[in-house]
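4 protein chains.
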Amino acid sequence: MYVVLKESSTCEEILALKEFIHNSGHGALEILDGSVKKIGIMGKNGNLSKEMLKEFSIVKEIIKIGKPFKFVSREFKKEDTIIEIKGRKIGATDLVLMAGPCSIENRDMIMEIAKVVKENGGEYLRGGAFKPRTSPYDFQGLGEEGLKFMREACDTYDLLMVTEVMDTRDIELIGKYTDIFQVGARNMQNFSLLKELGKTNKPVLLKRGLSATIREFLMAAEYIVAFGNQQIILCERGIRTFEIATRNTVDINAIALLKEKSHLPIIIDASHGTGKKSLVEPVTLGCILAGADGAMVEIHENPSCALSDGEQSLNFAEFEILCKKLKKTLEFKEIIRCL
Amino acid sequence: MYVVLKESSTCEEILALKEFIHNSGHGALEILDGSVKKIGIMGKNGNLSKEMLKEFSIVKEIIKIGKPFKFVSREFKKEDTIIEIKGRKIGATDLVLMAGPCSIENRDMIMEIAKVVKENGGEYLRGGAFKPRTSPYDFQGLGEEGLKFMREACDTYDLLMVTEVMDTRDIELIGKYTDIFQVGARNMQNFSLLKELGKTNKPVLLKRGLSATIREFLMAAEYIVAFGNQQIILCERGIRTFEIATRNTVDINAIALLKEKSHLPIIIDASHGTGKKSLVEPVTLGCILAGADGAMVEIHENPSCALSDGEQSLNFAEFEILCKKLKKTLEFKEIIRCL
Amino acid sequence: MYVVLKESSTCEEILALKEFIHNSGHGALEILDGSVKKIGIMGKNGNLSKEMLKEFSIVKEIIKIGKPFKFVSREFKKEDTIIEIKGRKIGATDLVLMAGPCSIENRDMIMEIAKVVKENGGEYLRGGAFKPRTSPYDFQGLGEEGLKFMREACDTYDLLMVTEVMDTRDIELIGKYTDIFQVGARNMQNFSLLKELGKTNKPVLLKRGLSATIREFLMAAEYIVAFGNQQIILCERGIRTFEIATRNTVDINAIALLKEKSHLPIIIDASHGTGKKSLVEPVTLGCILAGADGAMVEIHENPSCALSDGEQSLNFAEFEILCKKLKKTLEFKEIIRCL
Amino acid sequence: MYVVLKESSTCEEILALKEFIHNSGHGALEILDGSVKKIGIMGKNGNLSKEMLKEFSIVKEIIKIGKPFKFVSREFKKEDTIIEIKGRKIGATDLVLMAGPCSIENRDMIMEIAKVVKENGGEYLRGGAFKPRTSPYDFQGLGEEGLKFMREACDTYDLLMVTEVMDTRDIELIGKYTDIFQVGARNMQNFSLLKELGKTNKPVLLKRGLSATIREFLMAAEYIVAFGNQQIILCERGIRTFEIATRNTVDINAIALLKEKSHLPIIIDASHGTGKKSLVEPVTLGCILAGADGAMVEIHENPSCALSDGEQSLNFAEFEILCKKLKKTLEFKEIIRCL
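Residue numbers (our numbering), protein chains in the order written: chain A, 1 to 339; chain B, 1 to 339; chain C, 1 to 339; chain D, 1 to 339.
Just chain A, same shape as in the assembly:
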């Protein structure tokens, strides 16, 4: 349920309404949808009736949301959400390209990659310091040391940092370094983690689970919103199907449908989505044209030597070409939108 406010509402009036909502045991989520002010009412609406809300003169309309995912839906907010971080925008027409290695292997490596990312117009550096690995005997990441290297690289080249958090206990530590928290596919329904990230004030990049339906994906995002954080970037990274020729199956339908159902930005990770470097470029470009607001890719100076995910990482030359084509595709997308 949400209320649409009259244009004339003053700050004091809005504050009073929000306080009333809070006192009734609900959350109050204030947003600006285009030029329309709305307040979402979060939680079960047992003791808060339409009648009570109508008493407030600034309330223009009260609307029920017919979806299980509520505040991430277009029903609640028609306008695209744009996430702004240190001057860059995600969900607008800016180039959003998050690139970097699967795992941070050492300081030199991440500095070198950061340089390459910047030179090609990327504004985001991705990389894993805490790694979710299927085997306990595989390289588990450099931990805090990796975070430091990455922060240094980002500061040196003026990039935004994106790194994964896997444990509620690490949020504080990682939060000291990163600009964007990444939630991996295996943790998409780690509800404890989602709740805690909902309490932070940094954007969260939420990867779709390997077998998560679109509905479950949006419900996971809803958790973060419900606990207070509206800065969510969805990430399609391929789902698990019967097909074995590719690591996962990129769900291009989901990208188009998520843009329709939700106001949140979405990016495509074709590295994990395909698992094959030769497919990263065509699939990334295709998904951008189908609606994705940006891309994430794994790159490595020498993919065949990578400690993890070498098969799906682009080398620097391939990355350069992808960047060029991605920029052109974003321009073309704007042209076609207006046809």
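Any given hint could turn out to be false.
As a list, the in silico DSBU-like pairs of lysine-lysine whose alpha-carbon atoms are at most 35 Å apart [said to hold, decoys possible]:
#1 B:Lys6 <-> B:Lys50
#2 D:Lys44 <-> A:Lys176
#3 A:Lys333 <-> B:Lys118
#4 B:Lys44 <-> A:Lys328
#5 D:Lys44 <-> C:Lys333
#6 C:Lys325 <-> C:Lys38
Not the full set, but computed from the structure, chain A residues with beta-carbon under 10 Å of chain D [claimed, not checked]:
#7 Lys64
#8 Ser135
#9 Asp170
#10 Asn190
#11 Ala220
#12 Glu222
#13 Tyr223
Treat the hints as calculated values from the structure; they're not laboratory data.
Idealized CB from N, CA, C, for every residue including glycine.
Given chain A, work out where chains B, C and D should sit, using these hints.
Relative to the frame of chain A, chains B, C and D by itself:
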């Protein structure tokens, strides 16, 4: 296994070699790969040794194919296959847009649609006269009457006709009317049907099975080649996954991978692939950019009244917009290819 | 829709009612459900109203069927269907074990296997003469010669013959030899084939498609009924999932659910369902206890030399043990049913 | 890699060897496999050579494990692992039936259910105090209060307590109350959680992820072992497939295969596996016969009023029948094992 022929080979020499191969109990598939002449040797190579083939002076090289799908693979033929029908080309840069209703409902309807297809630059009319329906109690198609209506519509508007064949016994009848045989997803591994279509001389549009791997898809195409027909158009139409928000999951990875593994052209059917009319445009365009050579879409004057598949059919206004965007996307694809 | 007849109905009265139904353009499916006589009315019920049927004095009740699959459902017929062939019953408490090789390789082989099947209490010999093979270059079966060998083996050892039909054109030929037609998983939605088999008078063993839902499976069975043949044996043989450690995933839920939703007998093929000989026994026994009425298994004198499916075939010693355990399990199932 | 020790090895000698292994930076996992003593060497074996180990006179043999999951595999330990908790055994022939509500709703409810469980021969009470819910707006469980109620119920009726842990931060708290930690399907690859549970000394019931392969399932168990805890109970609870008639698809193949590949006990949760109360009994019994060592079921006094999962919960009368049949099935399984 295939042999590469010397440039100097004469027709007589090639004929002699092919006869020799035939007499050894194998098929001989002659192709021109760019400017290189090759002969594929089909069947189990038991009694035909490399040594025997080397005796022929026109044989430059003998190469084993390391894939289970052989003559549809890039290993055999590096150059893209272009299928030419009455002056139109599939697999080149021509606009390939096959549009029409799910089922032909009556003469007027198909005439009207054909007109719309032509006006928007389409060159192919698709439509079902024999329909594979999940329920025996649903409309099963008009049968031969439908074929006649469709042929008339194609002749009137100078379009190519594409229609489904489901039974070996119907090949002859349908072949009298259609320009392209369509094999539906449910029949992708109807090997009897594939074999018989391999003996015809008309192009076959082969739809991927609902749960067919990419390897199985190419093996099905291989059946048609093995029985003599090289004119195959692959069609990605979505696979069956756990996702229920869309009818199927369009496998954009498969499109990119098929272009890499095979020389055959591939088109995207986003109507069946998504099952939702609002997703048809973004997914079609995305898949074109990822490598598809053309598209198939369901259209209907009044989708909500369609006897079948109304939910996924575009109306004429939506179709017009798609056509415009598709043309632009094809142009853009050529630009980006050269970057 | 179906009508329940009064107990007192005479043959003449029933005949008159059926004629009336036929004349209205519908099929009339007469069954005995326990001691209750019913007539199913097949086809779209446009011009046949409840009122018209009520005019017949033998009509006790008229009931709508709320499922898309109608005459295979428990809504239509509460009592289990028992299929009787030459004195053996499928769907009752008899041991139903269909065993044999994937492909018939030669006469001696099938004679030897038939002997083993009989000695262990099996009453059905399965084997492929026409084989659906993924590759056109693989062994395609012996064809009619294989049918002859199999018939001879069945006659010699008093077994019932089960063999696959893949093409409408082969029904007549195969029908001359076999006792049961098998429809393979890849042809479960080959509607032309289903229709033609509906016109025969031999039982049809219908395998579930690799990605067929339970609803689609029952709809496929409904096709056969709708065209006149009620003798259908369902066969669960594993579905395609993401799991790669086994060839398919046996859907034990489906077995239990099919027994609930449909009156048709169902058997389990754990050879294809698992793809691993060591799993055939536990999975077969488990599925029997969960509701399956019988089992199908692949056996071979020397599985490692089989021309196809060697990995999943039991040798004769393993088959003997399975037979013993299967008999015990059937007895136990009866005991537990009465608890 | 593991070493097989000579029978004559003394405690001092074993201790010395373990110390040596530890000092080389590896874990040393001592087990008794039947009557054979073995020490598993955990971690990457870089600087610990076979030669160095052979220096120890008690070392009889050194064996490489050819699987990515090592210490949970049959290659390492041939004998079934039996987990003993307060006198009850899991993995032996004891009846293992874990029953209870999805969520603990209040004290009376859990006391009542505990009584019913005990009366029917169950020894384990399951129930959720911290609930993983898809929606942030759904009932999230009673938290610690629920744990207290459950502990009281278990103490009153001498039952073992099984409850879910979702967050590393809750392990200590939950550990004060429960006898067995449950890891839910959504957390199967929550590696932080697995590691921390590996450091506890209580048994862990590990549920298979919705789209986890058998290999990934065993790798998740391996995490727990690698961090020190060998007491793991696997739980098959259905996987996600295209089928929508049931909530999940119980993978009976996986049960049979896991018994073959691993020495760990496995139980079947057919409540979640089917999502339909009518299927719980046949599927549970079938899976027991296929190899499962026990079962988990949801029960509720009045399923239609349950706060969650009512559709799949048995009422008390249904539970009573299941218990009787389960006991008979376990006896029958022993009989058949000896055939």
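Status of the hints after comparison with the structure:
no.	hint	verdict
1	B:Lys6 <-> B:Lys50	16 Å, holds
2	D:Lys44 <-> A:Lys176	32 Å, holds
3	A:Lys333 <-> B:Lys118	26 Å, holds
4	B:Lys44 <-> A:Lys328	49 Å, violated
5	D:Lys44 <-> C:Lys333	50 Å, violated
6	C:Lys325 <-> C:Lys38	39 Å, violated
7	Lys64	14 Å, violated
8	Ser135	6 Å, holds
9	Asp170	8 Å, holds
10	Asn190	6 Å, holds
11	Ala220	8 Å, holds
12	Glu222	6 Å, holds
13	Tyr223	5 Å, holds
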